[in-house]
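On the provided structure of chain F, position chains Z, R and A with the ligands as indicated by the hints.
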Amino acid sequence: MTELLKVEYRQYLDAGSEVVTTNKSALVVLENTDLLLSAYRWMALTRLYDQKAVALQRTGQMGTYPSSLGQEAVGVAVGLAMSQEDTLVPYYRDHATLLIRGGRIRDLLLYWGGDERGCAGGPKQDFPICVPIATQSSHAVGVASAMKIQGEANAVVTTIGDGGTSKGDFLEALNVAGAWQLPVVFVINNNQWAISVPRGIQCGADTLAQKGAGAGIPFVQVDGNDFCAVFQVLQEALKRARSGKGATLIEAVTYRLGDHTTADDATRYRSPEEVKVAWSNEPIKRLQTYLADRGWWTEDQEKAWQAECERQVEEGIDAYKSIQPEPAEAMFDYLYDEFPDVMSNQLDLLYQKVERMESLAPVSDPEDTH
Amino acid sequence: MTELLKVEYRQYLDAGSEVVTTNKSALVVLENTDLLLSAYRWMALTRLYDQKAVALQRTGQMGTYPSSLGQEAVGVAVGLAMSQEDTLVPYYRDHATLLIRGGRIRDLLLYWGGDERGCAGGPKQDFPICVPIATQSSHAVGVASAMKIQGEANAVVTTIGDGGTSKGDFLEALNVAGAWQLPVVFVINNNQWAISVPRGIQCGADTLAQKGAGAGIPFVQVDGNDFCAVFQVLQEALKRARSGKGATLIEAVTYRLGDHTTADDATRYRSPEEVKVAWSNEPIKRLQTYLADRGWWTEDQEKAWQAECERQVEEGIDAYKSIQPEPAEAMFDYLYDEFPDVMSNQLDLLYQKVERMESLAPVSDPEDTH
Amino acid sequence: MDDLSHEITLVEAVNLALSHEMSSNESVVVLGEDVGTNGGVFRATVDLRERFGFKRVMDTPLAETLIAGMAVGMAGHGLKPVAEIQFMGFIYAAMEHLVSHASRMRNRTRGRLSCPLVIRAPFGGGIHAPEHHSESTEALFAHIPGLRVVIPSSPARAYGLLLASIRSPDPVLFLEPKRIYRIDRQTVVDNGQALPLDTCFTLRQGEDITLVSWGASIRESLLAAESLAKEGVEAEVIDLASIKPFDLSTILNSVRKTGRCCIVHEACRSFGVGAEISASLAEHALLDLKAPIRRVTGFDTVMPYFKNEHYYLPSEEDIVATCQALMKF
Amino acid sequence: MDDLSHEITLVEAVNLALSHEMSSNESVVVLGEDVGTNGGVFRATVDLRERFGFKRVMDTPLAETLIAGMAVGMAGHGLKPVAEIQFMGFIYAAMEHLVSHASRMRNRTRGRLSCPLVIRAPFGGGIHAPEHHSESTEALFAHIPGLRVVIPSSPARAYGLLLASIRSPDPVLFLEPKRIYRIDRQTVVDNGQALPLDTCFTLRQGEDITLVSWGASIRESLLAAESLAKEGVEAEVIDLASIKPFDLSTILNSVRKTGRCCIVHEACRSFGVGAEISASLAEHALLDLKAPIRRVTGFDTVMPYFKNEHYYLPSEEDIVATCQALMKF
Ligand SMILES: Cc1ncc(C[n+]2csc(CCOP(=O)(O)OP(=O)(O)O)c2C)c(N)n1
Ligand SMILES: Cc1ncc(C[n+]2csc(CCOP(=O)(O)OP(=O)(O)O)c2C)c(N)n1
Ligand SMILES: [Mg+2]
Ligand SMILES: [Mg+2]
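Chains as they are written, first to last, in this note's numbering: chain F, 4 to 373; chain Z, 4 to 373; chain R, 84 to 412; chain A, 84 to 412.
Bound conformation, chain F alone (with noise of 0.2 Å):
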């Protein structure tokens, strides 16, 4: 029947930092030093903001939480690529490009340690984390279609991981969004798993890239391991946005190379060899030593880094763990836009709680979750 090109695979550095394209405008990000430094730096910063915030759950300060390890390269080329007034509707496992939007490290924390206030801050239009699968993407659309109506001349970004591309939300997004020519970019982080189930299970086709192919929408493949190319094509899909072209596709192939969670224990389901051979692809040591070979970063500047992430990273920490928790009546601060009277009785039933309680011990333990 009827058979498909071969899907578009973009790679400007390979696993060996070499530069592996011919492609004249990969030099615009190849050669542009302050971009490539920018970038090395949010990745390291986010990965020490990972690797922290893992070692909180471990030590019963936070609750569940989805690290980025090894993806961070994706996650910064969101970030950098995107406008401050473009919008971003991210899922759960974005924190680099939540941090370089704005979002506080004291949020995210705050996020996974249950509390709300956690998404109260970044860019006022951007949409909040968003755990049930998918279900970004029909926002993101929605956006998308308030913007070309408002006249807007920004683009919507949504990100999803190779597992959400198998629910209704995401199919459904991409079909309207190459019917109404909407101006949003569709990043799939495809980390080759979802929990346990690893991504050949999840599709037959050969790249998720191509479902694009049945929403009438452009797709490329993209290695998810080299910010350059992940980030040129970011650009292109953007400026296709901006400009009234419409949606665009993309698939990063990546690789999580931590737990699905905290509460998750990879090795029951994949091998330490794949995993062994992932880290040779991971990300920031790729562009690390492409910076370096340029000479564009010494181990002075590196050192340098690392403290000052440290620092920022111990400081989002200690503004997590001093601040006071929300009053119990906070449940119904934000339920309505008023309070409605008729439930008055709640707050009563609330209150007379909140005192009982105050002359008890404190609860039990949390036993970590999903």
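For the record, the hints were derived by calculation from the structure and aren't laboratory data.
The reader is advised that the hints may include incorrect statements.
[Unchecked claim] Quick list of in silico lysine-lysine cross-link-like pairs, BS3-like style, CA-CA up to 30 Å: (1) F:Lys248 / F:Lys27; (2) A:Lys373 / R:Lys373; (3) A:Lys340 / R:Lys373.
[Said to hold, decoys possible] Cβ pair distances, simulated, as ranges: (4) R:Gly161 / F:Asp344: 52 to 62 Å; (5) F:Pro275 / A:Gly136: 40 to 50 Å; (6) F:Asp344 / R:Lys373: 24 to 34 Å; (7) R:Leu370 / Z:Asp336: 36 to 46 Å.
All residues carry an ideal CB built from backbone N, CA and C; glycine is no exception.
For chains Z, R and A with the ligands alone, kept in the frame of chain F given last:
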């Protein structure tokens, strides 16, 4: 970025009933007189049945009804290509297929006349008429998966409208069919309209067939008014399915010559010219001319067959009109396998209600709707 | 000068409210299946496309999850989407977005974003429609914190409550009783006046028994009240209207006065909206009750197809019989 | 010889029941996200893949609509699917298939096909999990005619009720209170004996007040009963267990005896399952009541994230306080 190859389009007979294929294997169908005569007869019967069903609704003797006018080749091809042991998971516009699979006209009318007994008949494994759009696709992959688990060598055919291809269920089902290599054939009745929404607004891709690409399953577009072509792609797909090679997506391009249902008025949203053009493409005349040109079908045969159709449909209508309504308690008879004792109160209330009703006038007239 | 008052049906009142809000507020947009050129399968959105253009009246692809999800996205980005789900029987695919997002967006972002959308859907049986076209599952949504559920029972209330729903900063599910879409006409003045969402409406005063209902069943409740009056029983008829959150105090005051309460709804009895009203009364008015609280409802069964739906739907006679029993208790 | 009795946790009892039924009935298959190699994120399906193979233990693509829809297809084609929804907070996308198909297939085909599936989902809060991992929305499903909703509250009942659910010819939603997945151990004999789905379980006898609860809240209810006993108040504690359809008569008999009833559940109060129990009692036991029926429940709000979830969850003290008030009424 990436481009699709042109999607395969299959057509053997054009609108003028000329053979337009050089494909040798097409002859297997084009010269199979028995098959073509059978197909022609079923198409003619379906058309008459549809017409009378609409008339019943117009005269207040039945509920809202979706005619399959103009799409008979698709329904008949599905019906004739399937074996009795295969499982059909239909949608609501598959009258031809249901009839071929042994569905009684009386039962079809019962269903649309508001009586649950309408789906009690037919092959015992076939799924009933499905109204919530696209949900049948998920059921179909469930059935196909059951076949695979149970080592059954049959296949599932499931149908859907062009509008239905936008809904998550369909896309999720395609995906698992590809990932699990399920023995299922998806047939899109692309009749160009989803109530008032034209195909072009539904999806930005050139073909609906290419939705198979993202799921990694083979796909083909076929002239849905050309029984011969539809039949043969179905046969090929069924063979693939039965021999463990997995799923196929078939887009049959046809046209909804009638209103969406008897509750709809298509003149509100589409031009008479468009419909007129579509009439020149309709499937029954096309096959009839082909058969007549070769001397395989004469005017006498036509007359006799029309009379036979008239007889069969009228017989079905009589049976429909003369059947006694079910008693009130029927609403509880199939709710649970056994009526739960704990619900006995409800039966008491029902009997009291029935008693009250028996001393009262009949209910008022229906308002026609979807 | 335009004559602003019309004798219109309930569905026309819906259309009037939509037109009014779209005229006065640019951010109001309408989306759904067949809402554009076709004007909606019940004509609720007729002429809006012509008046407000393609950008503000959108025929979506056929996907309820998408419709709800896009509405969330639009509402979170400055628009006021009024999305139509063609029939309530097809709303379930939209549920995840209503439960997990629309009703939580303000809470989740501590007020940074909110989700002021309206989902409209015709609901209820009695129009001899096919399977899945007769649902009354308002109880499912009434249980969701952060949502509002609103049901009108007359053209005037449809107009006023829909205006209020569109103007509400909270997400609202607006359910339209399609059985009475065209059954009565009423003068509705297109004055842009919204009705409150925090009160029920007492449609008839009475001292003997309180009838609480909403939507299409208000019709049978009022007829039953008339019948009962002929026997000397004066029923107070209350239209719940705002189902979530609901105004208990009006009902409570009425029941404290009458000592008797009969709740009428078309949905299945068990775990229906009537249960909450009854439970709230049992909690707060126990000592005032002269008789048990009774519910006249649909059965706990799938709505029978239309040949037998009259066996399912609560009738005037059912209500009268129950009220008589309560009076004798 | 195999020792058939074990001291096991609730989640282990779920696993034991699954193993038992898969061994004794070839048509039982398990599907869901991460149920295979990983054995489920809570280990409920651990080892089943090894024992019963890929064909009978299926890791599905990540799509809840699909999981439910496939289960409908499988159940209609001779299998007995036991599908896992990883957390109840993600069940909403599965709703259309449960409401419109699973619960209607037998009715729709007048018995030609049926839909004997089980959907399992961990539910409830109190384990300090992220957003959407603490839902208790059993009321939504209890309202659906044709479904069964079952909730165990101990390892033994988890085993017996899950066996019954798998053997039921009707579609069952089996909700597992994850807060007590591992909190207690109990001897469970793997004897293949199912418990009935048409009865509640009286866990403690008492003359003074009836406590009705289910799932994890049974724990606080029993603790409260112990506390009350110290004050001389004897509470009868009833585990509802089968939420839909439910056994009113056991509760009714208890309340006729005690004259007082307190219903405890973690879900939001309004339009929750407690409302139906209360309403049914108000209808049938009015004259037996010595005090109003009261509910101790979660608030009508989004479950707070875990830092503040203790403000939301009904506690032993809440129950004691309410019972004390009812005793003094
Ligand atoms: C609708 C829904 N179903 C299930 C889950 C539970 N869950 C959380 S993450 C996850 C796997 C997601 O995998 P993928 O999309 O590849 O993203 P990744 O976590 O690998 O970044 C699952 C099943 C969820 N959050 N939402
Ligand atoms: C889930 C769902 N949403 C909406 C409807 C109402 N509806 C019935 S048919 C239809 C259009 C279907 O169009 P298409 O899929 O092209 O099939 P066709 O009727 O043209 O054969 C709609 C919107 C429905 N039945 N189910
Ligand atoms: Mg992944
Ligand atoms: Mg169509």
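Comparing the hints with the structure gives:
{"no.": "1", "hint": "F:Lys248 / F:Lys27", "in the structure": "holds (23 Å)"}
{"no.": "2", "hint": "A:Lys373 / R:Lys373", "in the structure": "holds (15 Å)"}
{"no.": "3", "hint": "A:Lys340 / R:Lys373", "in the structure": "holds (21 Å)"}
{"no.": "4", "hint": "R:Gly161 / F:Asp344: 52 to 62 Å", "in the structure": "violated (28 Å)"}
{"no.": "5", "hint": "F:Pro275 / A:Gly136: 40 to 50 Å", "in the structure": "violated (25 Å)"}
{"no.": "6", "hint": "F:Asp344 / R:Lys373: 24 to 34 Å", "in the structure": "holds (29 Å)"}
{"no.": "7", "hint": "R:Leu370 / Z:Asp336: 36 to 46 Å", "in the structure": "holds (43 Å)"}
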